[in-house]
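Going down the list, the sequences are from chains A and B. Residue 188 in my numbering sits at position 188 of the first sequence, and the numbers go up by one each step. For my numbering, count along the second sequence from 1 and bump the result up by 377.
No wet-lab data here; the hints were simulated from the structure. The beta-carbon is built from N, C-alpha and C at its ideal position, and this holds for glycine as well. Accuracy of the hints is not assured; some may be wrong.
Claimed, not checked - From the structure, some residues in chain A lie toward chain B, with a derived Cβ separation under 10 Å: (1) I102; (2) S323; (3) S352; (4) P357.
What the hints assert, rightly or not - EDC-like, lysine to aspartate or glutamate: derived pairs with alpha carbons at most 16 Å apart: (5) B:K473 / A:D322; (6) A:K252 / A:D322; (7) A:K63 / A:D83; (8) A:K328 / B:E446.
If you want the building blocks of each chain, they are given just below.
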Amino acid sequence: MAKKAAKIGRYKILGELGRGAMGIVYKASDPNLDRVVALKTILLEPDAEGRDEYHKRFILEAKAAGKLNHPNIVTTFDCGDHDGVAYLAMELVEGTDLRTRITSEGATALEAVEIARQVAEGLAYAHDRGIVHRDIKPANIMLTGQGQAKIMDFGLARVRMADHKTSTGMVLGTPRYMSPEQISGQPVDARSDIFSLGIVLYEMLTGTRLFSGEDIHQVTHSITQVEHVPPTRTVPGLPAMLDFVVARALKKEPAVRYQTAHELAADLSTCLAELRSREHASEASADASKTVKLDALAKAPEAPLARAIAVDTRLPLARFLDSSAALKSIRAASRAELARAPRPVGWLRRISSDAAPRQLFLLALFAGIASAFVVLA
Amino acid sequence: MVASVVFLKIGEFARRPASEQARLRAQLEAVIAVTAAELPPAGRVVLEASDGAAVVVFRDPIGALRLAERALTAGAAGLPLCAGLNHGALQLTGNKGAEAMTGDGIAVAASVAEFAGSSRLLASRAFREALADAAPGREASLARAGTFTDAGLRTHELFAPDGRALRRRQMRYSLAGIVLVAAFIGAGIGWRALDGERKPFGSAMIAKYPEVPAYLRELVQRVSY
């Protein structure tokens, strides 16, 4: 329809950039300002009542998103509707989205942390203004050629979800990147975006999908119940601090998660500094080149499972202290010996091993003999 | 298996920035490396928890208590630790090279540590009983500190170290000994006094041992009933 019209509102369509569940994204030209924009179209409800409601919500969210002006957020210029299609004119970002990047070439640890830090900065800016994204996922993060990350589609998730919930009572969106509270249909706040960013960071670092499942129920179960394996276990060379950052971002309970994206960005900056210093160190050691033989049998030490926290009592062996001698002795010991529970201490044992009762017993014995002597003498 | 568990928890760990978490964990590892060195390597297993660490000590509750007490002194060096001690069932799980431990012994120790609060050590009744079994009398150093109900609605009786508890116990036993001696001898004398046919004990002794010095003889006659 739009293509046929070749114009949406005042925007002249130059080409198609992509298609999504909500509509089509076009490359368009704004004749008023003579600039090229990305025009996102959203199909409105066919019935008049639903369309009005949807339209109102869309305008409200677009206005809120339009107030966001940050280097890590795709700027929204304009919004409107044309022939039953709502549209959003946004800054055109030349580059690829993070999903394409992860699936095609992946990201190094340094790049992953840098992207996550930039996204956290952008989120912090929006959260400070009371705007929650609700759909942070790799496909909504654009990467420019200069290595800048930009968050797209602020507020659109809310429009979409609210609409879908009213019609079917179900949650729509991208379940694999939702926080436990979001997927359970509870109210969400900025901390929900932090959880979603935690998933994105995890996937960038490890190259593996964190929460997956064949259907929504399995995904829901994974998000709400299953604890992640720390990134250093999958990629042993990562700084240990990233385990803490990811674990904190992915806490199921929002109260113990990062409370603001500023905190997350600050921790990611520290990780970034460590990664950069490592990179410099490895460059320096590469300059003074020397050949080392790697032990093929040597295994990287394993990080503790994040599930070893809070509810679960399964704790992995510590890496910093060798427990192999104890394990050997456990395996060698008999079952009865290992299962021996403490015995109650009887009087005889008490008298023979405990000084104070022994003293009392001896005094009582002496007193008894003395008393008998007094009586019988 | 059954063993003692020392759960060392870093206070407010989850709420700290990740850089501080990494620093505190490194500090905790150093503390455990030093304190666990006192135990034979075959007698202890160190486990990692998200907000601290657990040391499983086999057949040595005294060593476990000492380790916890020594680790807590690290609090003075800026490591906000609290400790929970328990003696309970554990199970070794996982394949070789990826072993882990699980069980109620750890769960209760973790709950007790959670309840302990900063720079405090609390022990469960099971641990106190294990301590009594290992060294009868030593359990008195853990004085009753109250009860608490954990998230699983289990009530735990808790004990905290009390430096003066052993001395107080010793004094109580000494006093009881003195009272007992006095009571026994008093009862013997009373019994003899009630028996009219017999001479008083003092007089009978003087009669039996005539070589008793005169001043003692005089004293006995004065106090004689």
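Check the structure against each numbered hint from earlier and tell me which ones fail, lowest number first. Violated hints: 1, 6, 7, 8; rest satisfied.
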